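Listed in order, the protein sequences are those of chains A and B. The first sequence begins at 1 in my numbering and counts up one residue at a time. The second sequence begins at 1 in my numbering and counts up one residue at a time.
Worth double-checking, as some hints may not be accurate.
[To be verified] In silico DSS-like cross-links for lysine-lysine, where the CA-CA straight-line distance does not exceed 27 Å:
1. A/K42 / B/K57
2. A/K67 / A/K2
3. B/K15 / A/K42
[Unchecked claim] Simulated restraints on C-beta separations:
4. B/S58 / A/Q80: 37 to 43 Å
5. B/Q97 / A/G29: 16 to 22 Å
6. B/P61 / A/S82: 42 to 48 Å
7. B/K57 / A/A68: 32 to 38 Å
The set of hints was computed from the structure by calculation and includes no laboratory data. As the structure is a computational prediction, the values presented were derived from the model and not from experiment. We put the beta carbon where it would ideally sit given N, CA and C, even for glycine.
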Amino acid sequence: QKEVEQNSGPLSVPEGAIASLNCTYSDRGSQSFFWYRQYSGKSPELIMFIYSNGDKEDGRFTAQLNKASQYVSLLIRDSQPSDSATYLCAVKNTGTASKLTFGTGTRLQVTL
Amino acid sequence: GAGVSQSPSNKVTEKGKDVELRCDPISGHTALYWYRQSLGQGLEFLIYFQGNSAPDKSGLPSDRFSAERTGGSVSTLTIQRTQQEDSAVYLCASSPQGGWQPQHFGDGTRLSIL
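Modelling step: build the complete structure from the supplied sequences, incorporating the hints.
Take a look at the structure:
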């Protein structure tokens, strides 16, 4: 079992719709969770981070964390073509001296 | 600049040669990380530096890989006797401290081994 799992996609949503990106993790002791956006040929860009159960909103982005289910998601409201990218879920595990464990990413396509 | 700076942006070298990759973290960030991203793969942790503490080298794939961080700022990742499987994008990230704080990435070095 991979430590951090994401559906590779592509996830295709029409412009203006809500995109829902999901991530599960295996280490129950994981403490902090990050979503990065990566455009093709570019480096990862931090979008959101969340530490506590529940929802965290920032503009069009909402991160949701459910530690009991070991599940973290990213919702993108009013999706725009510029949101088309690969979204990487990253988890910081306990006792691993701060390294991030990444999923392989979900490719999002926002269609006109 | 204000972000993490990496050089070179691209490096092409022959199998068996040594390469050095450089990372200049965001000013004031004490934590520095190296990752690599192979085609179609997720990011793989390589090594972590925090202040003057001993680095966490647990992700280095072989003894051909080493890294230094001099003066608590600039870091160099060295790959000796490069192999074709070393071809990847090598990404550096920094954060204000270690722990839970988010990491910010540089643009990476794309390494191609012929």
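Item to check | Violating hint indices (sorted, rising) | outcome: 6
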